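*Asks:* Chains A and B, in that order, give the protein sequences.
Numbering of the first sequence is given in the working numbering, commencing with residue 1 and proceeding in unit increments.
Numbering of the second sequence is given in the working numbering, commencing with residue 1 and proceeding in unit increments.
No lab work stands behind these hints, which were simulated from the structure alone.
A quick note: this is a predicted structure, and the numbers were derived from the prediction, not measured.
Watch out, some of these pointers could steer you wrong.
Same chains, same names: a pair is fine if it fits in one copy or spans any two.
[What the hints assert, rightly or not] The list that follows gives simulated cross-link-like pairs (lysine-lysine, BS3-like), each with its CA atoms no further than 27 Å apart: (1) Lys286 to Lys84; (2) Lys264 to Lys212; (3) Lys131 to Lys38; (4) Lys371 to Lys150.
Protein chains: 2
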Amino acid sequence: MKFEILKDNLKNGLNIVERATGKNLTLPILNNVLIETKENFINLVCTDLEIAIVSKNLAKIEKEGKIVAPTKLLLNFISLLPNKKITVFLKNKNLFIECENFKSQIQTYNPEDFPIIPQIKTTEFIEIENKIFCEGASQVVEVTSPSQIKPELSGVYFSFFDNSLKMVGTDSFRLAEKKIELENKISQEFSFILPSKTTRELISILGDKNGKIKIFSSPNLALFDFESKEISSFVQITSKIIEGEYPNYQEIIPKKWKTKIILKREDFLNHIKTASLFSGRINEIKLSVQPKENRVSIFAKTPEIGESQSSLFGKIEGEKLETSFNYKFLVDGLLNIKSSEVIFELSNGEEPGVLKPVGDLNYIYVLMPIKSY
Amino acid sequence: MKFEILKDNLKNGLNIVERATGKNLTLPILNNVLIETKENFINLVCTDLEIAIVSKNLAKIEKEGKIVAPTKLLLNFISLLPNKKITVFLKNKNLFIECENFKSQIQTYNPEDFPIIPQIKTTEFIEIENKIFCEGASQVVEVTSPSQIKPELSGVYFSFFDNSLKMVGTDSFRLAEKKIELENKISQEFSFILPSKTTRELISILGDKNGKIKIFSSPNLALFDFESKEISSFVQITSKIIEGEYPNYQEIIPKKWKTKIILKREDFLNHIKTASLFSGRINEIKLSVQPKENRVSIFAKTPEIGESQSSLFGKIEGEKLETSFNYKFLVDGLLNIKSSEVIFELSNGEEPGVLKPVGDLNYIYVLMPIKSY
Numbered sequence: 001m002k003f004e005i006l007k008d009n010l011k012n013g014l015n016i017v018e019r020a021t022g023k024n025l026t027l028p029i030l031n032n033v034l035i036e037t038k039e040n041f042i043n044l045v046c047t048d049l050e051i052a053i054v055s056k057n058l059a060k061i062e063k064e065g066k067i068v069a070p071t072k073l074l075l076n077f078i079s080l081l082p083n084k085k086i087t088v089f090l091k092n093k094n095l096f097i098e099c100e101n102f103k104s105q106i107q108t109y110n111p112e113d114f115p116i117i118p119q120i121k122t123t124e125f126i127e128i129e130n131k132i133f134c135e136g137a138s139q140v141v142e143v144t145s146p147s148q149i150k151p152e153l154s155g156v157y158f159s160f161f162d163n164s165l166k167m168v169g170t171d172s173f174r175l176a177e178k179k180i181e182l183e184n185k186i187s188q189e190f191s192f193i194l195p196s197k198t199t200r201e202l203i204s205i206l207g208d209k210n211g212k213i214k215i216f217s218s219p220n221l222a223l224f225d226f227e228s229k230e231i232s233s234f235v236q237i238t239s240k241i242i243e244g245e246y247p248n249y250q251e252i253i254p255k256k257w258k259t260k261i262i263l264k265r266e267d268f269l270n271h272i273k274t275a276s277l278f279s280g281r282i283n284e285i286k287l288s289v290q291p292k293e294n295r296v297s298i299f300a301k302t303p304e305i306g307e308s309q310s311s312l313f314g315k316i317e318g319e320k321l322e323t324s325f326n327y328k329f330l331v332d333g334l335l336n337i338k339s340s341e342v343i344f345e346l347s348n349g350e351e352p353g354v355l356k357p358v359g360d361l362n363y364i365y366v367l368m369p370i371k372s373y
Numbered sequence: 001m002k003f004e005i006l007k008d009n010l011k012n013g014l015n016i017v018e019r020a021t022g023k024n025l026t027l028p029i030l031n032n033v034l035i036e037t038k039e040n041f042i043n044l045v046c047t048d049l050e051i052a053i054v055s056k057n058l059a060k061i062e063k064e065g066k067i068v069a070p071t072k073l074l075l076n077f078i079s080l081l082p083n084k085k086i087t088v089f090l091k092n093k094n095l096f097i098e099c100e101n102f103k104s105q106i107q108t109y110n111p112e113d114f115p116i117i118p119q120i121k122t123t124e125f126i127e128i129e130n131k132i133f134c135e136g137a138s139q140v141v142e143v144t145s146p147s148q149i150k151p152e153l154s155g156v157y158f159s160f161f162d163n164s165l166k167m168v169g170t171d172s173f174r175l176a177e178k179k180i181e182l183e184n185k186i187s188q189e190f191s192f193i194l195p196s197k198t199t200r201e202l203i204s205i206l207g208d209k210n211g212k213i214k215i216f217s218s219p220n221l222a223l224f225d226f227e228s229k230e231i232s233s234f235v236q237i238t239s240k241i242i243e244g245e246y247p248n249y250q251e252i253i254p255k256k257w258k259t260k261i262i263l264k265r266e267d268f269l270n271h272i273k274t275a276s277l278f279s280g281r282i283n284e285i286k287l288s289v290q291p292k293e294n295r296v297s298i299f300a301k302t303p304e305i306g307e308s309q310s311s312l313f314g315k316i317e318g319e320k321l322e323t324s325f326n327y328k329f330l331v332d333g334l335l336n337i338k339s340s341e342v343i344f345e346l347s348n349g350e351e352p353g354v355l356k357p358v359g360d361l362n363y364i365y366v367l368m369p370i371k372s373y
């Protein structure tokens, strides 16, 4: 194997695939990157067996080949080199890297020991504007359950139907749903549950990139394929999907409300954070809504610490009402919403509340109140 | 007690003193701030018994008094308030804080339980431009010993003599000395060893502030007094000093060299970092100096990983030479130097090397080589 590549291109590719490299002690081969030359590209591949990331980068291939080398060492070394042409070649099972006055040789491993990356069979895909897709995913992924007790809640539910994609996350205390309109009506509806980890990686790797993302799905895999036109590189993220059926979450979204508040999002967040300092073990803060005065008061009290009370003003419809929430759930919801004003729909003490951005019908965040006894 | 103060002034003061608040489980009173009104100022005081930080802030005092309240709760609460006037008063042992639509009450503790902050007796002091003082201290403090085996090496040595201040740090593997010229000749020489923790706090709190710092010293205390003219506030940091005699460090500073290299600092750092990836358990990297070619080559090798070799060019005087260093010590030294070029004076394998900035005679960094067997 021998190829030439610009330092920054190799660094960018390694930076992307490195995210699937863990510190795997039982299977040390997973701490490595598979480097493979194919036509005018070098493919970099890392996997943790749950997710596989491939980065295809344009290079001048002088001799084809395939090797496995430690990801982090390679990335750290390449990062420190000047941004010039790098020559990489294999000799006596050592990877030689040369760039200006720098020379190194790195021990490699047998590519036969590297796990085989599963390939998706289908050629059908859905194409979505990448930034819209990643932003939507980021609005639901932090609401998924961190525990594995109900595995289906530990991932994001992607449901393609008619001409829309719905993304859903819930941990059974709160739920977020984001709807994205597709350019074309799809022929057959389908859905899958993507592990939260994969979803977060997708957002981190691709979140700021312009272009379209292609989504492929099979009974046990999902593939996200992104081409960066500017630097002639490709990223492919293949992930296992979570088996099981996603709960019929539509049932828990309230259809009515008793009191509807419109508040400035930043202000509301600030008042909640202030009260949170005085909340106790169960993170309880109390909201008291006074429609006549267009006022929302927020209370919190813990005998050993003290208490806090603050008021903010907005537009209020409906009835006077008192209710309590876990402040963390409210904060998470408000952070997922990007609009400057927010709608909060409330019912009686046992029904969930619903947060929505003002001026955007495509996002809702549902959260359970704390029941008072 | 009752006073009015602008939110940002109270927040700034708390932010400064909070640095002396730890998570003290055995003496929970230390997690609190003492608030005391005096003439037109409120004094905020925190201490961990090693160091005491006082922040004096201009306020409108309506009723004098003294209380103790949880530092972090207070700081977090004040930080979230709008930047308006805050009214603070004591009622039934609760501290009431009011600001616009925010009201809170915080449980307080008996100020009699708060430790007494030791007062320095002397009125004599040395005055130094604060930024110069802090920058100098930051160039030596990270070289002090983290262990307490030789307590005198766990602090920075400040030595005032004639018209100069010398600051020294060493962990016995390397040593840094910074000299600052004083405006006036001092009448009587004196010195003290300041704990590294205090030195770091001084740099963090005052490092970016314009003005002069006054230094007071007594047999067991040092006091650093800084007045910020812009916002009419004062910071006083009182610290215990370390008992014991500082070693006669001048002895180990080499007076001669065999080979002298001048290199671009950033380049040298980059080459060392690159080699460091291939260094082994004792962090060894090898330097080979070729005066004829004006070349320095850097090698590192670990059989299980691989090896690296790189060359950089500079001005070289003296003899051809090979020597080895712990790369961490070299990196630390180069990071402490701010000039774009650096002088590295080397002798034979057992003598320490000396790093100096080009164009500044007031800083030296001495480091032991790794002896080859």
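*Asks:* Does each hint fit the structure? Answer for all of them.
*Replies:* Verification of the hints:
When the C-alpha separation of Lys286 and Lys84 is checked against a cutoff of 27 Å, the pair qualifies only between copies, where the shortest distance is 25 Å, while the shortest distance within a copy is 60 Å. Taking identical chains as interchangeable, the C-alpha atoms of Lys264 and Lys212 are never at most 27 Å apart, the minima being 33 Å within one chain and 44 Å between chains. Taking the shortest alpha-carbon separations for Lys131 and Lys38, neither the intra-copy value of 29 Å nor the inter-copy value of 57 Å comes in at or below 27 Å. In this assembly of identical chains, Lys371 and Lys150 lie within 27 Å of each other by CA distance solely inside one copy; the values are 24 Å within and 59 Å between copies.
Going through the hint list in order, the structure does not satisfy hints 2, 3.
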